[in-house]
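Here's the letter readout for the chains.
Protein chains: 2
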Amino acid sequence: MGENTMSEKTMAELAVGQYAEVRRHVSQSDVLAFVEVVGDENPIHRDAAFARRTRFGAPIAPGLFTAGLISALIGTELPGPGTIYLSQSLRFLRPVRIGDTITARVEVVELLAGRNRARLRTVCTNEAGDEVLAGEAWVAAPEAARGAGRVVRAGVVDQAMAV
Amino acid sequence: MGENTMSEKTMAELAVGQYAEVRRHVSQSDVLAFVEVVGDENPIHRDAAFARRTRFGAPIAPGLFTAGLISALIGTELPGPGTIYLSQSLRFLRPVRIGDTITARVEVVELLAGRNRARLRTVCTNEAGDEVLAGEAWVAAPEAARGAGRVVRAGVVDQAMAV
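Respectively, the protein sequence lines represent chains A and B.
If you're matching positions, the first sequence starts at 469 in the numbering used here and goes up one per residue.
If you're matching positions, the second sequence starts at 469 in the numbering used here and goes up one per residue.
Hints may contain errors.
It does not matter which identical chain is meant; a pair holds if it fits inside one copy or across any two.
[Claimed, not checked] Heads up, simulated SDA-like pairs for lysine to any residue below, C-alpha to C-alpha not over 25 Å straight-line: (1) Lys-477 <-> Gly-525; (2) Lys-477 <-> Arg-521; (3) Lys-477 <-> Asp-498; (4) Lys-477 <-> Arg-491; (5) Lys-477 <-> Ala-516; (6) Lys-477 <-> Asp-515.
By construction, these hints were calculated from the structure, which means they are not laboratory data.
Please take these sequences and the hints and turn them into a complete structure.
This is the structure we're talking about:
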């Protein structure tokens, strides 16, 4: 693979108020691919007849598909590659239907510089501007420039997992 | 699609201590399919040369892929189809590498019967028995038998999303 061109921010480059966003149209094939890979045979995601008998009326995307948009944004843009994902809270506020366009947003809301910890507000909204998912993430930012031998404190890595 | 044969439990059928588990081998194609569908181009998941320069040494699965195994278990087994996913907390404790076999477990730890709310402990462990992901979910259980016209209180559904 060629040189990575994604942005990444070390702790020193992060500031409260920075944000990143991505817009994504949710297609039926996205939902089918997601439920295949995680083994989710819940009929609400792909069985129109089943879904019609629920309050939703039509198949909906898994909540964790929407959450995946946030994770992708953290891992590619803010803070970007090298980030260690420590935790994520998720409140599923409204259904995401096939055909919806979702905007995922990640915003830096707190920095614990001495401990290399950043708290991110993570929100997804639909095209009507309604929040469909809200929560927070704690991450450890990339600590060194790529190629220079990334240094990550053992205490972080043994307890955590990259995004 | 044919008749659904997955188990599902209404609130009256749930009890503290009930659990469901699924074991899953994590393949490279699983990880590639997951990152494709959520748009996660973070090189840690598929670029071996990049991953070698990190503490992980090799590509790792996205934390939300592992979380997806939990979501699938909730939506297919406990409580099963018709469940409304209200919230999920996730602590990413250790990396999941390609080739790992992960056991996802969901256990009922609290029931608020009058409000149709169940709290689930959600944990994923690797083949060494180490927890890689831990957290909790709140769900609303399916309220009526399928086919009888599922009744879900508006106050739940307007604020929530099916698993």
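When the structure is checked against the list of hints, which entries are broken? Sort them ascending. When the structure is compared with the hints, only number 3 turns out to be violated.
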